[in-house]
Amino acid sequence: MHGRPEAKACLLPYEPPEEPNNPVLRGLPLYYGAKLVSASGLVQDYLWYNAGFKKLRNRPELKNVEPRYEPTVTRVELEHVEGDRPLSQAFVKEVGNGRQRRDSPYHSVLDYHEAFKAGELTPSLVVEALLPLIVRDAKTASRHATAFLESRGDNVREAAQQSTRRYAEGKPLGVLDGVPVAIKDEEDVAGYQKCLGSKTDYTNKDDVSSYCVQLWIDAGAIIIGKTNMHELGMDTTNNNPNYGTPLNPHNDRYYCGGSSGGSAYAVSAGLVPLALGNDGGGSVRIPSSYTGVYGLKPSAGRISIRPTANLAKSTSVPGPMACHMTDIQIGWKLMSQPDPINQQPPPPPPRPQTNFQLKRKKFLGIYQPWLDRADSTVRAAYQQALNYLTTKLGYEVVDITIPLIHDGQLAHAMTILCEVASGVSSVQDLTPANQILPSVGGRTPAIDLLQAQKVRNLLMQHLAYLWDEHHGMIILTPTTPNAGWAYHPGDLKYGCSDGDMQMRSMEYVWLANFTGCPALSAPMGYLDPVVGEGKVPIGLMGLGEWCSEDELIAFGYDCETYLHEQHEGGRVGPENFVDVMGLAAEDDGKVSSE
1 MHGRPEAKAC
11 LLPYEPPEEP
21 NNPVLRGLPL
31 YYGAKLVSAS
41 GLVQDYLWYN
51 AGFKKLRNRP
61 ELKNVEPRYE
71 PTVTRVELEH
81 VEGDRPLSQA
91 FVKEVGNGRQ
101 RRDSPYHSVL
111 DYHEAFKAGE
121 LTPSLVVEAL
131 LPLIVRDAKT
141 ASRHATAFLE
151 SRGDNVREAA
161 QQSTRRYAEG
171 KPLGVLDGVP
181 VAIKDEEDVA
191 GYQKCLGSKT
201 DYTNKDDVSS
211 YCVQLWIDAG
221 AIIIGKTNMH
231 ELGMDTTNNN
241 PNYGTPLNPH
251 NDRYYCGGSS
261 GGSAYAVSAG
271 LVPLALGNDG
281 GGSVRIPSSY
291 TGVYGLKPSA
301 GRISIRPTAN
311 LAKSTSVPGP
321 MACHMTDIQI
331 GWKLMSQPDP
341 INQQPPPPPP
351 RPQTNFQLKR
361 KKFLGIYQPW
371 LDRADSTVRA
381 AYQQALNYLT
391 TKLGYEVVDI
401 TIPLIHDGQL
411 AHAMTILCEV
421 ASGVSSVQDL
431 TPANQILPSV
441 GGRTPAIDLL
451 QAQKVRNLLM
461 QHLAYLWDEH
471 HGMIILTPTT
481 PNAGWAYHPG
491 DLKYGCSDGD
501 MQMRSMEYVW
511 LANFTGCPAL
521 SAPMGYLDPV
531 VGEGKVPIGL
541 MGLGEWCSED
551 ELIAFGYDCE
561 TYLHEQHEGG
571 RVGPENFVDV
581 MGLAAEDDGK
591 VSSE
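Take the sequence shown: its position 561, counted from the start at 1, is 561 in full-length UniProt numbering, and no numbers get skipped.
Hints are computed from structural coordinates only; laboratory data are not their basis. It should be emphasised that the depicted structure is a prediction, and the values quoted were computed from it without experimental measurement. Treat the hints with care, since some could be wrong.
The following label-pair restraints were derived from C-beta to C-beta distances [what the hints assert, rightly or not]:
no., residue 1, residue 2, range
1, K361, G569, 30 to 40 Å
2, N58, Y32, 29 to 39 Å
3, Y32, K199, 17 to 27 Å
4, P23, S426, 18 to 28 Å
5, S426, P307, 31 to 41 Å
6, Y46, K361, 49 to 59 Å
For every residue, glycine included, the Cβ atom is placed at its ideal position computed from N, Cα and C.
Please model the complete structure; the sequences and the hints are all you need to start from.
Right, dumping it as C-alpha cells:
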C-alpha cells in the first residue's frame, strides 16, 4: 500500500474521559449568545479551553511522534482492477442471486432495472410520480420536500426520456440506468446551485459535476435533486433553520441525523434506493443509523470529487447511502472508478481478482471499555448482533486496545473545526449555532493543531499494528452510542448548540475519519422512543483497514442477513414510506385507461 503508516503498537491503559460541561443553547439565548461569541475573542478562548482541547499539549506519548496531516492510504492495484464490473451482466447476476433481499418494503436498484427491462415501468413514469413529492416551490409542498434543496424538473424529465428511449431500444447503460438517485448539496452537480445548506453561494463557476457524481450520471442514473444538509456539515442533527429540517421518517420527533440528513431521509422514506452523502465526522453513518439505512464511508482519497473542494479537507469523503446492500455495492463500484487526472501514483498492471478474494478467517476487533460507554439498550442490541455473527456466521472475536481513544476524538474535533474555519469567509452569514463553532475552532493555537496531527499518526500506526496481527479484522461498534436524537420543539427555528450531545453521537464514528479508514453502518434493530410515535432505528458499524471496502461490503451483507432473519420484525418501513414504483404503476394505469 502507498502511504500505509509504520506498524507500531502503543499499548496504553484505558483512560475515561473528563465529564463534558459545554453549555446547551437554543432559541433566543442561542441567537444572542452566538452574536456575543462571534464578536468576542475572550469568550471564544473560554469555550475552546472548556472543550478540553488543551489536553493534548502535555501527552508524553506524543513526544517522539511525527505529525501526519492527511490520512490517505492507497492500494492502486485494487483501484485498477475494479474497472467497469458494475456495468456487466456478470456483476448483475452476482449481486442479484442470493443477495437481493425480497422480504423488505424497500425497492432496490435492481428492482427498478428489472421493471424497466421488462417494460413494466419507464424512467419517465417514475420521475413523474416523484417530482410532485420533492419540489419545494410547489403550491402545496409535500412533507418530503424539506429533504431537498433543489430539483430541476426539466433536467430530470430530459434525463428520464433519454433513459426510457435506451430501454425501448434494448440498450440500457447498466443497472443504474433510469434509477432515481439524490445527491447531497456538498457535491457539485451541473445545472444546480450549491450552498452547503447555507445562505452563501458555493456553486462551481465552471458548472460541472463532481467526478464521483459524473460516474453515476454516465451510468444513466437520474439525479432527481440535491438534498438538504446541516449548514456546512457542522453538526450531527441536520437541523437547518435556513431551509427547514427534514424529520426522521420513522418518528418525526427525532432528527434524521447529519450532516447528510436529506439523503438519509430520501432513502429511508423510499423516495430513492440510492443517494450520495459526505462523511467528515460520521455524516454518512450517523444519519444512516438514525434512519435505518445502509451507509458506507470509504477510505480517505479513495473517491475523486474533482473539482469540488471539501471544507474538511483531511477528514471528509463522499459515500453511498442505500436501502439495500446490493445498492451500496452498485453505487460504490461505480463511484470508486479511478480518476485518470487525480490518480496517484500510477497503477501497476492488473492482477487476477481472485488474488484478493481468498477465503480467510473473519475477525471482529472489540475494545470493551469503549463499547461500555454506549447506552444500555444499544449495548444489548449490539450483543445480540455480535452473538449471531460469531455463532452463525463464523466471525471470531479479538480483544483489542486503542490508545488515547478520547484524546483522539478531541484531536479529530479540533482538526475539522480548524479546517472549516479556514474555509469560511464570514461567520456572520451563518446560522447562530454555526457562528459559534468556526469562531471557537479558529482560536486553536498552532502547537495544539500539531499535537492533534501527532495523535492521528499514533492512532494510524497502532491500527496498522492491529491489522498486521489480525489480517482483515473489522473493528465492531455500534454506529452511535445513543438511539437517535430527539429534538426540542424550539430548536427548529434558530437551531441548537449542544456540543456534548454532538460529541457523544460521534463517539465511535470519528476514528474512521481521522485515520482515513473505511467504515460501514448497517441497520441493527429498532428501539422504543423517548418521545413521539414510531420505533427508532439503531446501527451496527464495522471499521476496516485502508482500502478494504469490498470486505466491509461482505460484512454488510452478513449484517443484512442478521437483521432480516434474526431480528424480530425484520426490516421495518417508516409510517410515511413512499412506494414510488407502485405510484408510477398507478399513474401508468390511469393514463392507459384514459
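Requested in this report: For the range 29 to 39 Å, tell me whether the beta carbons of N58 and Y32 fit it or not.
Outcome: 36 Å, holds
Query raised in the report: Do S426 and P307 keep their Cβ atoms within the hinted range of 31 to 41 Å?
Result: Given about 23 Å between the Cβ atoms, the range is violated.
Requested in this report: Look at the Cβ atoms of K361 and G569 and judge whether their distance stays inside 30 to 40 Å.
Outcome: 32 Å, holds
Query raised in the report: Should the hint that P23 and S426 are 18 to 28 Å apart at their CB atoms be regarded as holding?
Result: 24 Å, holds
Requested in this report: Go ahead and decide if the range 17 to 27 Å is satisfied by the Cβ distance of Y32 to K199.
Outcome: With Cβ atoms ~20 Å apart, the hint holds.
Requested in this report: May I ask you to test the hint 49 to 59 Å on the CB atoms belonging to Y46 and K361?
Outcome: Given range 49 to 59 Å: holds, Cβ gap about 51 Å.
Of the hints listed earlier, the one the structure fails to meet is number 5.
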